[in-house]
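A.B. asks: Sequence:
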Amino acid sequence: MVKVKDVPPKVKEVLTGGRGYGLWYLWQAVKPETRWNDPENELIFCTGPLSGITFIDGNKGEVKIETFPYQDINSYLLVEKLTEHFAEDEQDKANISIVSAGQGAQNSLLGI
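Numbering (the working numbering), first residue to last: 1 to 112.
A hint or two may mislead.
Here are the simulated DSSO-like cross-link-like pairs (lysine-lysine), alpha carbons at most 27 Å apart as the crow flies [said to hold, decoys possible]:
id	residue 1	residue 2
1	K93	K12
2	K60	K81
3	K64	K93
4	K5	K31
5	K31	K12
6	K93	K81
7	K31	K60
8	K64	K81
9	K31	K10
10	K3	K31
Because the hints were derived from the structure by calculation, they are not lab data.
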């Protein structure tokens with residue numbers, strides 16, 4: 001089930017942007033014993049204050065926010081281009097994960 005929740009004023013004062021809000025919502029939603037695959041665990045999508053494309057390289061320990069010249073509105077084309085861009089080689093493509101809403105976001109409840 002998709003829910004839209006208001007951000008309390010105190011949270012806006014303490015935490016920054018969508019990611020901070022998302023973290024707060026997650027803290028409110030789960031218990032210490034909640035595991036990653038529990039049905040009551042929440043899936044929260046939030047963009048940060050800088051938006052752009054956030055690239056986290058776990059192998060190199062880098063986090064980057066980048067912009068790209070790719071103008072594809074269709075998500076499947078953009079995902080292919082971003083996968084090509086970030087993968088070091090053909091085998092590394094299996095290690096790339098991309099969330100993209102594309103044109104479908106105009107008609108859906110979830111879009112980032």
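A.B. asks: A separate judgement is required for each hint: does it hold in the structure or not?
C.D. replies: Going down the list of hints, with the structure as the test:
1. With a C-alpha separation of about 37 Å, the suggested pair K93 and K12 falls outside the 27 Å cut-off, and the hint is violated.
2. For the given pair, K60 sits about 21 Å from K81 by alpha-carbon distance, which is consistent with the 27 Å threshold.
3. Among the hinted pairs, K64 with K93 is consistent with the structure: their alpha-carbon atoms are about 18 Å apart, no more than 27 Å.
4. Of the supplied pair hints, the one linking K5 and K31 holds, its CA atoms being roughly 19 Å apart against a limit of 27 Å.
5. Between K31 and K12 the CA atoms are separated by roughly 23 Å; this keeps the pair inside 27 Å, and the hint holds.
6. The suggested pairing of K93 with K81 holds, with an alpha-carbon distance near 11 Å, which does not exceed 27 Å.
7. Of the pairs offered as hints, the one joining K31 and K60 is violated, with about 32 Å between alpha carbons and a cut-off of 27 Å exceeded.
8. Restraint check for K64 and K81: the C-alpha separation of about 17 Å stays at or below 27 Å, so the hint holds.
9. Between K31 and K10 the CA atoms are separated by roughly 21 Å; this keeps the pair inside 27 Å, and the hint holds.
10. For the hint pairing K3 with K31, the CA-to-CA distance comes to about 19 Å; that is within 27 Å, so the pair holds.
Of the numbered hints stated above, those contradicted by the structure are hints 1, 7, listed in ascending order.
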